[in-house]
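Chains as they are written, first to last, in UniProt numbering: chain A, 1 to 330; chain B, 1 to 255.
Each statement offered as a hint is correct.
Using C-beta positions, here's what the derived DEER-type ranges look like: (1) B:Ala228 with A:Met302: 51 to 57 Å; (2) B:Thr12 with A:Ser237: 46 to 52 Å; (3) A:Leu207 with B:Asp192: 39 to 45 Å; (4) A:Met298 with B:Gln185: 40 to 46 Å; (5) A:Trp82 with B:Asp56: 51 to 57 Å; (6) A:Phe272 with B:Gly14: 56 to 62 Å; (7) B:Asp192 with A:Met302: 34 to 40 Å; (8) A:Leu207 with B:Gln185: 42 to 48 Å; (9) B:Ala146 with A:Gly77: 51 to 57 Å; (10) A:Met298 with B:Met215: 53 to 59 Å; (11) A:Pro79 with B:Ala123: 35 to 41 Å.
These aren't lab readings, by the way, just hints derived from the structure by calculation. Cβ coordinates follow ideal geometry from the N, Cα and C atoms, glycine included.
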Amino acid sequence: MTVSRTTSYAGIAVVVAVLPLLLDPYWTDVFVSIGLYSVLALSLNIILGQAGLFHMGHAAFYAVGAYVTAIANTMWGVPVLWAMPFAGLGAALFAMVVARPIIHLRGDYLLIVTIGIVEIVRIALINNVFGLTGGANGIFGISRPMLFGFKIAKPVHFYYLVWAYVACSILLFRRLENSRFGRALNYIKEDDTAAEGSGVNTASYKLWAFVLGAFWAGMTGTIYAAKMTIISPESFSFWESVVLFAIVILGGGSNRGVLLGAFLLIGLPEFFREFASARMLAFGLAMVVMMIFRPQGMLPPMPRFYKLPERIRCITGKGGDAAAQAGGGA
Amino acid sequence: MSLLALRNLTKTFGGLVAVNNVTFDVAEGSIVGLIGPNGAGKTTVFNLITGNYKPDSGDIFFDGRTIKGLPTHRIVQQGIARTFQTIRLFQNMSVIENALAGCHCRMQSGMLSAMLRTPAQRAEEQRALLRATRELEFVGLADEHANLAKNLSYGNQRLLEIARALATDPRFIILDEPAGGMNDQETAALIDTIRAIRDRGITVLLIEHDMSLVMKVCEKLVVLEYGALLAEGVPAAIKDDPRVIEAYLGADTDD
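So that you can see chain A by itself, here it is in the shape it has in the complex:
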């Protein structure tokens, strides 16, 4: 496990780029799904993996994004990709409203409330809220996305669209992890009270983790809506949230772990179609084995590397020089 992060990403990138040349449309489509679940799990990873907030309702934000896209496209004729930022904003706003009152809940209490959120959203969609969501049948006739005059319709087109989106997300999230924001989330995960006592506004950062995760899930909803051209409440069930949760937990909280988790949980079942009825059994068994032998997940995040500034040596307690230097610091 001494492969560096950059090397492993380069390897993944090459494999991803050439893969569709070897695959038939069916398998290309499977990999589109893996890509979509990857982005969703990456966005959940900010909340669950980085900030340690037990959130099992991510499908709710995904649903809001997909429905915003579908409504904007079918009712007002907004081009699908133009709807993407609005889908993100819609989901982010929704997250802000629902997460604000529950953000102080800890651990399993938060988990249960988030399960409630995803169910409320699904049932609200079935009941055709505001007469916009089309009830249990959902919304159909969503148009294909156009990118610089090119119509994205075939699985292989979606494949490159989705995986380019995955790559962008990973790049941005990696930068975020290596920043004040990313560290603050880790402090909260490690020790909430100590984080607050060190000057981190924990309530605000938890909320922003939710808002950012929801924004990304909402944008992913746009691509999903465009790919399926028909969306219905059943696509955003509690089960989807559980799968995303499992991807992050099995993966271990790193971005590479999320990719691996998405491949194993979404891709692998396709190889074993004939054993579909035993899928839940294998899934549960894998979870139990993981929790016993590798509770930190398959690929937990590597420690961040810091290049320290030039050092001034001094002995404990006789730090007059260092003190003077430090006073002029941040």
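Knowing the structure of chain A, use the given hints to seat chain B on it.
Here is chain B on its own, set in the frame of chain A:
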């Protein structure tokens, strides 16, 4: 001039009066010790100052302005840093990241500037890293910077808590039993560290059970018993105060 002023502070938990009408001052640039038998309410006073608890009545003034009711992170921002009695480091993070936690409240950049990696954001990260490194050097942990906090010795974990608190750029630092779990050598070094902190112009308030440390380092002592103020004054006077001997030192020497 007093930097911190507690006025008639009271805090009850159910029927228990943990802190009862406590009033005392901490002068700017001084080292003040808060002592008392176990359960006297010392840590509760700390938690009231740092906003972890809200007082039932009374007021807390920092530099002339009330800080009562402010959330903890705002109080840290005003310049009050603390360490914890039971060590609360970010155990699975590196030593330098623990120190960087303190710099957080003096930084500005948010999500977007981090994603775009703007020049201002990178410069700020560098400044924070410098500051955190200097604080690790100050407590003598710079060589451990890449280690995980949980791999440090107990004494070094205490020092890292101090470094993290100092990285918040405080005017006032609250140390809750800083010598707890330290051996004699480490305690001796700690006395130098506490004095060095004061020499940087940071006012120190500490809780400590190690009486030799308290007598050596503190300029003023405040004694609590059953949540109420029992005595305050210079260490020499406190040492000979019959009330204090009876309530605290006397009982302590019996075992």
